[in-house]
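Protein chains in written order, with the working numbering: chain A, 1 to 344; chain B, 1001 to 1338.
If you are wondering where the hints come from, they were derived from the structure by calculation, not from laboratory data.
Be aware that one or more of the hints could be misleading.
Here are the simulated EDC-like cross-link-like pairs (lysine to aspartate or glutamate), alpha carbons at most 20 Å apart as the crow flies [what the hints assert, rightly or not]:
hint, chain 1, residue 1, chain 2, residue 2
1, A, 197, B, 1211
2, B, 1140, B, 1126
3, B, 1309, B, 1211
4, A, 260, A, 275
5, B, 1140, A, 181
6, B, 1133, A, 97
7, A, 260, A, 288
8, B, 1285, B, 1079
9, A, 260, A, 215
10, B, 1324, A, 181
11, A, 258, A, 215
12, A, 258, A, 97
A few chain A residues that don't get close to chain B, going by computed Cβ distances all over 12 Å [what the hints assert, rightly or not]:
hint, residue
13, 116
14, 178
15, 196
16, 199
17, 200
18, 203
19, 263
20, 281
21, 289
Note that the structure is predicted; figures quoted are calculated from it, not measured.
Where is the CB? At the ideal position from N, CA and C, for every residue including glycine.
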Amino acid sequence: MSVLSAQGMTMRFGGLVAVQDVSLTVQEGEIFAVIGPNGAGKTTLFNAITGIYEPTSGVVQFSGREVRLGWTALTIARIALAFVLIGCTAVVAINVESLWTRVINANYVYLQPFPWGKAAGDFFRALAELPFSAGIATGCIGGCVGAATTLILWWRSRRTPDVIARSGVARTFQNIRLFNELSLVQNVLVGMDYRMKAGFWSALLRLPLFFSERERFHAEAEKLLEFVGLADRADSAAGSLPYGYRRRLEIARALAGKPKLILLDEPAAGMNPSEVVDLMALIRRVRDAGTTVVLIEHHMRLVMGVSDRILVLQYGKQIAEGTPAEIRANSACVEAYLGTESHG
Amino acid sequence: MRGRFGAITIILTCAAVVPIVDLALPESLRISEAVRGVFLYAILALGLNVVSGYAGLLNLGIAAFMAIGAYAFAILTCEIYPFQVGFWPGILLTLPIGALAGFVLGAPTLRLRGDYLAIVTLGFGEIVQDLLKNLDTVTKGTQGINPLPSPSFGGEAWTASDEYKWYYLLLAVLVIVVLFVRNLERSRLGRAWFSIRQDELASRSMGIRVERVKMLAFSTGAAIAALAGGLSASVLSSTGEPSNYDFQVSILALCIVIVGGIGGIAGVLVGALVMVGLNSIVLVKAAAALAALGIGGQGNVLLSPNNWKYLIFGLALVLAVRLKPDGLLPPRIERSMR
């Protein structure tokens, strides 16, 4: 089954078409590479897939499903709640002085017991006697504003990167984006965050769930650091890591959420040849552990060495797709990278 | 890894022995009354530290939440209103009320970035003051609400002469706030706060729900600030006038966090001691000393140390930024977050 399928992806920024009608399908357990010269639209394609950009057109499906929060009873309830709450608040807020005078000041005699029942009755009587403009109209306007903003916020957050990440799609960044002040373990733990259950109150009151979860995830994070070969530095700050190790840490952080699919954006950039060899082994191990890999890379030895299939982009268009051997034999791809040979 | 917690313990233990030392000192050198002000500002700044230190959201209107806490406490407890819930329920209720106020301000605005959020919070601080001033049917306008109840443990309510009881009550609340804030800092939530402060997009791409996490920071900070407001109103037995919670207070809280070390609890405690202590202890004692020597007094404003306050604030900030840009006790997150 295809883990990732992007069909007819187009990404337009004003007049610039960064990605034009690109389609790709990645099968489970594959290592799939996207290559192309600088500015070919590879990272833009990644960003459109992972929700950082909303594609101008095109459909992205993960495991046959489009990841986009749909209408649920909760959404509708939330919008209705916003309407009622903000509507009522608007009515009370606008008339607060007259209500207070009528309900509190008129009923309370200094240091005498307060007639709660009568005050409540007065409150609703005062509300009922409000003129149309100050009552129903204010409530409706306030309620509509509340409901509309809730709707807009929901609409805009249906396909954000956190939604995509939570559906099991992780990524790394071309310009490494680690949390430099946090330790290596903490960086990995951020990647595990959405799998954790202990919330605000568990942390505040140190409930048993907090401790059991902390033990479990710390152990798992350390195992993951071992997997990428960084276990001996687990407690140092990520900012203190040498460059080559940072990319491994980013991979560990991306793997922390147990994703089905991982997108690596130029994982070999800035690495020396022996580090590249280690990285190739790591990418294979990631795949063997059950995560499908899509990578962007310029390093041809790595691409040709690990990929099952390759997609070639140039000026935002796909010019070829196939196995490493097919791509190597494809003159258009060689031209895209090296330019046309000019004869005498 | 326990190093900074050691610093917190040392500071709080020192604070606990101050009144005992005080008893041995002559009247003019006693400081425990002034230290109470330090505690209140430390609680306020701890609240701000959650918002601005951990989550990196610049909040220039923290005093507004203090005002909301003070007025909520006053309306719930003062005998001129019918509610009169008593000191303890009143002080506990400032927390949810503050959190709700934080939610109301945060819900529409937390998607704003950096400077824009700072402007919104700045505006909120001014609006709350104006509201409290002009809504005089409810808030008694510029008079403030008084008298307010004092705490008691079963027996008689405390009076102003029970100053050491007050001292230890505020210290106890401060200790509880420190513990709770520390619990949050060293948890999944604290980690998420640090991560969005450093790189919002990366945290979002790791599946952190940024809006929710920011909202929790905002509401938590507002709740703690409201608690500080309720406590300060009770200490003074009055909310004072709304302009007691003006921009100066927000800025002082921010100075405490920055001078102490943004994002660390020990730093905030030290910052509160330095910034507030300078004003209410050092300058006051200096003024008294000068007066005793017969210098200063009415004629010359320059000779009254109380008037040097802002000069010294400014100097302290410049020196802090120049010499200790990360604060007096900068947090080592990678260690403390273990």
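Can you give the numbers of the hints that this structure goes against, from lowest to highest?
-> Those not satisfied are hints 3, 4, 5, 8, 9, 12, 13, 14, 15, 16, 17, 18 and 19.
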